[in-house]
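Q: This is what each chain is made of:
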Amino acid sequence: MIRLLIPLVAVVLFYVEPVFGLFSPIEVGGELRYLIPRFLIMFLIFVGVYYSRQRALVYAIIFGLLYDLFHIDIIGLYAFLYPAVCLLAIWAVKHIHKHIIVVTLITLLLVAVLETALYGFFTLIGFIGMPFGEFITTRLVPTMIANSVFLVLLGWVFKSLANRRSIQKREGML
Amino acid sequence: MPQFFSNKRLILLLVGVIVLVALIFFSLRDRDHANLPEQIVKDVVGFGQQLFSKPAHYITDLVDDVDSLLNTYEENQRLRKRLVEYAAVQAELSDVRNENKRLKDIVGKKDDLRDYEPIHASVLARNPDQWEEKIVIDRGETHGIKKNMAVMTADGLIGKVILTTPFTSTVQLLATQDPDYRVSALVTGKTEAFGLIEGYDTERRELILKRIDSAHEIKEGQKVISSGLGGIFPKGLLIGEITEVTTDDFGLTKQAHIKPAADFAMLEHVIVTKRTSTAVDGSDAGNTGEAMDKTADGGKDGDGS
Numbered sequence: 148m149i150r151l152l153i154p155l156v157a158v159v160l161f162y163v164e165p166v167f168g169l170f171s172p173i174e175v176g177g178e179l180r181y182l183i184p185r186f187l188i189m190f191l192i193f194v195g196v197y198y199s200r201q202r203a204l205v206y207a208i209i210f211g212l213l214y215d216l217f218h219i220d221i222i223g224l225y226a227f228l229y230p231a232v233c234l235l236a237i238w239a240v241k242h243i244h245k246h247i248i249v250v251t252l253i254t255l256l257l258v259a260v261l262e263t264a265l266y267g268f269f270t271l272i273g274f275i276g277m278p279f280g281e282f283i284t285t286r287l288v289p290t291m292i293a294n295s296v297f298l299v300l301l302g303w304v305f306k307s308l309a310n311r312r313s314i315q316k317r318e319g320m321l
Numbered sequence: 014m015p016q017f018f019s020n021k022r023l024i025l026l027l028v029g030v031i032v033l034v035a036l037i038f039f040s041l042r043d044r045d046h047a048n049l050p051e052q053i054v055k056d057v058v059g060f061g062q063q064l065f066s067k068p069a070h071y072i073t074d075l076v077d078d079v080d081s082l083l084n085t086y087e088e089n090q091r092l093r094k095r096l097v098e099y100a101a102v103q104a105e106l107s108d109v110r111n112e113n114k115r116l117k118d119i120v121g122k123k124d125d126l127r128d129y130e131p132i133h134a135s136v137l138a139r140n141p142d143q144w145e146e147k148i149v150i151d152r153g154e155t156h157g158i159k160k161n162m163a164v165m166t167a168d169g170l171i172g173k174v175i176l177t178t179p180f181t182s183t184v185q186l187l188a189t190q191d192p193d194y195r196v197s198a199l200v201t202g203k204t205e206a207f208g209l210i211e212g213y214d215t216e217r218r219e220l221i222l223k224r225i226d227s228a229h230e231i232k233e234g235q236k237v238i239s240s241g242l243g244g245i246f247p248k249g250l251l252i253g254e255i256t257e258v259t260t261d262d263f264g265l266t267k268q269a270h271i272k273p274a275a276d277f278a279m280l281e282h283v284i285v286t287k288r289t290s291t292a293v294d295g296s297d298a299g300n301t302g303e304a305m306d307k308t309a310d311g312g313k314d315g316d317g318s
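Quick mapping for you: the protein sequence lines, in order, are chains Z and F.
Residue numbering for the first sequence follows the numbering used here, starting at 148 and increasing by one per position.
Residue numbering for the second sequence follows the numbering used here, starting at 14 and increasing by one per position.
Possibly wrong hints are sitting among the right ones.
Unchecked claim - Okay, the calculated bits of chain F under chain Z, using three or more residues with CB under 8 Å as the criterion:
1) 24-34
2) 57-65
3) 141-151
4) 183-194
5) 277-288
To be verified - Which residues of chain F face chain Z? A partial, calculated answer using Cβ under 10 Å:
6) 39
7) 40
8) 41
9) 70
10) 137
11) 176
12) 215
13) 216
14) 218
In case anyone wonders, no lab produced these hints; they're calculated from the structure.
A virtual CB, placed ideally from N, CA and C, is assigned to each residue, including glycine.
Using the sequences and the accompanying hints, generate a full structural model.
A: Structure, rendered in structure tokens:
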């Protein structure tokens, strides 16, 4: 049961993201603020940290590719960024600490890195001409707030799910 | 400190990066049509997405219903006032319609750029990273949707179809930064002034209508509609209202800021317009860009065609 649960949660998060995307942008203080849901990558980081690096990377590549094909129409963008972010997170956690608060903070930091990397990429290919300051206020900050709320609420669920699967696997091997 | 990557992994990573960069450039260059694997993925993911979007729409519809129920009394009062006016306008409209039809019969004109067949669609997903303003809708080639068709809501034009698969299509909204995105528009009034919607002012949240002949007199408050001259859009879809008129950077033509009639924020149900009169293929999407490229380096190769 738990075996199927991790891919299932990943699929659900993949589909839920665009539904949340429908509610964004919202108007706060006379300006449009974009809340970009990054649920899937946060979940994948947790899977990578608490369960298996290999699995997390495989999921990251598959879902990154699906994301590219369905939403972005630029193949290879998320398919590269998702696994890269996962790898960075796992590497960072290995060298700092595995406590959930640390992992949460690292995850949020990496979501910010992902967002900034995407901003850089789209500026590079000339899709957007948004000044960096505006990017911070209208996109990065609201996105980070929304995603931290999500992660604080559900981070422990992700952790226990990944942990249980990992324990189950160890027992299966014995 | 242990090594981040072993040598073998480093090579693997480098090869991966090279492949991905190649893929990115391939898909950036060839963005006109979805190839077969892309289409399959889009249709399958789109089907799954429906299972999640439909309940979400249902809930938002419910909230909207409750919301409008609370305003019913006020709205009723206001609408009753307008009802008298409406009857008069209705009578006039039917009279004008009849006359228009008679006149068309006399002239022998059957096709009209204004006529279109609406295809109703639900929004499946909005590009969640929202860098490009795109939505995916649940109607595709099998329902008669083709590239470059106009997409509107009840309020007005919102964008055009940029990619189709058998069961889904991708719509790029007017509020895009893409410089190749153009819509042929028309300022209504005593004299009709043509222009092109090019670009979006993110700060003011208004569209920019460029290349209006400076001989034409245009004012704030005039309505802007689609002209139907782009080849595929029907004529007469409301785009918005002029809020400011300026001259362009070179002082040769006028440009205007337009407040869009439709709201791009919460999109649930949209209408794709299928023009009934002959559609001319290859509207303003790629061709103008190519033409401009050609004129740009026309001096070198001298290829005028």
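Q: For each hint, tell me whether it holds in the structure or not.
A: Structure-based check of each hint:
Counting residues of the region 24-34 of chain F whose CB lies closer than 8 Å to any CB of chain Z gives 5, which reaches the minimum of 3, so the coverage claim holds. For the region 57-65 of chain F, the stated coverage by chain Z holds: 6 residues have a C-beta nearer than 8 Å to a C-beta of that chain, and at least 3 were required. With 7 residues having a beta carbon nearer than 8 Å to a beta carbon of chain Z, the region 141-151 of chain F meets the requirement of three or more and the stated coverage holds. By the rule of at least three residues with a Cβ nearer than 8 Å to a Cβ of chain Z, the coverage given for the region 183-194 of chain F holds, with 4 such residues.
For the region 277-288 of chain F, the stated coverage by chain Z holds: 4 residues have a C-beta nearer than 8 Å to a C-beta of that chain, and at least 3 were required. Taking 10 Å as the C-beta contact cut-off toward chain Z, the hint placing residue 39(F) at the interface holds, the least distance being around 7 Å. Because the closest C-beta pair between residue 40(F) and chain Z is about 4 Å apart, less than 10 Å, the hint holds. Here the hint on residue 41(F) is kept, as its CB sits about 6 Å from the closest CB of chain Z, short of 10 Å.
With a cut of 10 Å, the hint placing residue 70(F) at the interface with chain Z holds, because the nearest CB-to-CB distance is about 9 Å. For residue 137(F), the interface hint holds, since its Cβ comes within 10 Å of a Cβ in chain Z; the closest pair sits about 8 Å apart. The beta carbon of residue 176(F) is positioned within 10 Å of a beta carbon in chain Z (closest approach about 7 Å), and the interface hint is therefore held. Restraint check, residue 215(F) versus chain Z: the minimum CB separation of about 7 Å is within 10 Å; hint holds.
Proximity of residue 216(F) to chain Z holds as hinted, the smallest CB-CB distance being about 8 Å (cut-off 10 Å). Look at residue 218(F): its Cβ gets to within about 7 Å of chain Z, closer than 10 Å, so that hint holds up.
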